[in-house]
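Given chain A's structure and the hints, the job is docking chains B and C onto it.
Residue numbers (this note's numbering), protein chains in the order written: chain A, -7 to 254; chain B, 23 to 272; chain C, -18 to 285.
Honestly, I wouldn't trust all of these hints.
Below, simulated EDC-like cross-link-like pairs (lysine to aspartate or glutamate); rule was C-alpha separation at most 16 Å, straight line [what the hints assert, rightly or not]:
id, chain 1, residue 1, chain 2, residue 2
1, A, K167, A, D227
2, A, K239, B, E200
3, A, K188, B, E265
4, A, K167, A, E3
5, B, K104, B, E91
6, B, K261, A, E229
7, B, K99, B, E180
8, B, K252, A, E3
9, B, K252, A, D227
Coverage of chain B stretches by chain A, computed from C-beta distances (three or more under 8 Å per stretch; other residues unrestricted) [unchecked claim]:
id, segment
10, 202 to 216
11, 225 to 232
12, 238 to 244
Hints in this document: simulated from the structure, not taken from any laboratory. For glycine and all other residues, C-beta sits at the position ideal for the given N, C-alpha and C.
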Amino acid sequence: MRGISFTLGKERLGIVGESGSGKSMTGRAALRLIRPPGMIEADRLEMHGEDILHAPEKRMRQLRGGRVSMIMQDPKFSLNPVMTVGQQMVEALHAHGKYSRNEARQRALAMLDEVAIRDPERVYGLYPHEVSGGMGQRIMIAMMLLPNPEILIADEPTSALDVSVQLQVLDIMDKLVRERGMGLIFISHDLNLVAKFCDRIVIMYAGRIVETCAAGELKNAKHPYTVGLLNSVPDLENPRERLEVLKRDPAWIETPSVSARV
Amino acid sequence: MTAIAIEDLNVWFGSPGHRSYAVKDVSFKVEDGESFGLVGESGSGKSTILRAMAGLVPTWSGRMIVAGETLGKTRSKSFYRKVQMVFQDPYASLHPRHTVDQVLSEAMRLHGVENVDQRIVNLLNDVGLGTGFRFRYPHQMSGGQRQRVAIARALAPEPSILLLDEPTSALDVSVQAEILNLLVDLRAEHRLTYLMVSHDLGVVGHLCGRIAVMQEGRFVETLGVNEMRKLQAKADYTKHLLESSINSVR
Amino acid sequence: MSGAAAWREWLLSDEPTSRRQARLSSWYKGWLTFRSNTLAMLGLVVLVFLILAAIFAPLLATDDPFAQDLGNRLLAPGEQGHFFGTDSLGRDIYSRILYGARISIYIVLLVAMVAPIVGLIMGTVAGYAGGWIDVILMRITDIFLAFPRLVLALAFVAALGAGIENAVLAISLTAWPPYARIARAETLTIRNSDFIHAIRLQGAGPVRIVTKHIWPLCISSLIIRVTLDMAGIILTAAGLGFLGLGAQPPSPEWGAMISEGRKYILDYWWVATIPGIAIFAISLAFNLLGDGLRDVLDPKESQS
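The following block holds chain A by itself, in its conformation from the complex (with noise of 0.2 Å):
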């Protein structure tokens, strides 16, 4: 990653780009969990006034998942096999303030059924494989919902699923998402998804940010590289003979990032 700048508000911030653009790693180190020998430098890194750059490790594991979380794309990978979908719930609780066990999985229910999870007292006691691919990305939301979190970071949460399920998952976290008035960072390749999805997109390339502008205005993106990405994707309703195909100019890779900072 390469000077990427950006704000984010009560809104929902989309972060788009193709493998090894860094959109992944910009929400990983967000909340500072670049493993050495990968470095972060920043210029500033804050949350809400506070500087998460230099803040100890200490104060950075009460702020993940206490105030930002963050969702993976594969369920089969992100929740843990040995452990039942109530044990992982009821622990990311216990991380972050003290409940008791009743308290705990009474609210972990109650997330259960925010996500539309039909049975919660059933599902409760499941483990991650015995259950379908939406059904553990939506326990993985309500997981990382629980503890209330301001601001949540999606790394391509619907790519693993199905389409018809993909719809319902998304439908579920935009309504977490205004009902808490939370942030949201949407990390995905899918240009036309982030763009109905959310406010603002944030293209990446080479780990810069090649353009910004408002979801509504994606059509008159500017960046051939935006352009390019919009036009190669075959559109079912409007058939071409060829698709496009993405000539990657150099240039872009000298070409500082730019700034999607409000």
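Frame of chain A; chains B and C shown alone:
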């Protein structure tokens, strides 16, 4: 001429008494030169049909006549000269310790193709890779390049039918566009018949003329691509799939 | 100077132009990775040193390893030109260590050639064929796995007489089963890969698939396992020698030397300790080498 004729195909897994059917009572025909798409969500059985045709799944019943040959439990060498398959994951479909040259020359030697060296150069050009790639190992190539090698391997015996199992789902959108263009070009150039599996209706719409929608192992509906574009589906499930795709696209 | 630099560039090229270049390039890059691991290089250096010592023993030895000199028994290291002193029969320990290196390396080579290869064949055939072939081969493996090495060695000695060859035979027969298990486990995973399906679709038969596609992938884990096992094998041979089941006196096998030096360990520590250090050195060298090899041979798999 019918390239592929499938009648009452059932494919199952598991021991007798505990059978789980992946494909149930599927019948369809694909004509020479046609491009036929199998669409469905994960678990719908679409990839299983391809694998059963390729001889990778032994537990099936029904009738399959492919490239003029009635298929039995095993496949003959001549079958593999006429029918080839391209797999989904470019990171898993090439042997990690074999160079591109080894992959292609082995395929050709197994089929008794002569003039191997020249053919390798031709194949690499056909799939848009220069000869500079000839001696590379898979880890020295990107996903799109590996998939091109996989396509080259499939073209080595000069088949007439290509089975494509989600050939672009593991690729970035911009790379997918290149591979889709390549597949369109190759089909025209070599007059191939395609049977393609995908969960992406946009991709299927681009490459195929007729589409079958599958759900839980069964065919729900077969429709032409024009009907699909106009969202004229008869079955509810198809309509639901089409709407989900449109919504998630633009 | 420029010749070497040109070679290097040729080997590191991203676009090899021949099969030979591709293979050499791959080896060279592996070597560079290995070289960056200091401990592994240390292991390699020690090993090379010991192998050279074994090969050039006649040139490097100061005395005949079998020559007894009862007048000069149990001399301390450094006395009268004996670098490591003399043992209870006045034989020069330094020379005996050098010739003993030959025996240790002989044992290692023999076992390393037999056990992993037998294990590879059994494991890959069982894993690929499946069904009752798998069951039979694995039960045979289990039977051999159940034999405790020393007990089997005792049995061999009782039946065939003591000697280094019989000890090596006993070790080999009990060393191959773990390799079979590893190879089978790897084969089961590899068997379902798309590249295996793809080559089946080109009409490849099981022999070609197992030898040309599965073996190359199993070999790395086997090599790593072999080098790490070498330490154990040397120790086992030394143990057998110690018990008098392996190399027979007056053979300068390191384990037998430790056994002979046991009685004098309190007052004449060097007689048992120096061969002990030699065994330690070669075991450690193999361990470090195996570690370094694992770093070289494994990461490529996870590099996609």
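Original post:
Against the structure shown, which of the earlier numbered hints fail to hold, in ascending order?
Top reply: Hints 1, 8, 12 contradicted; others consistent.
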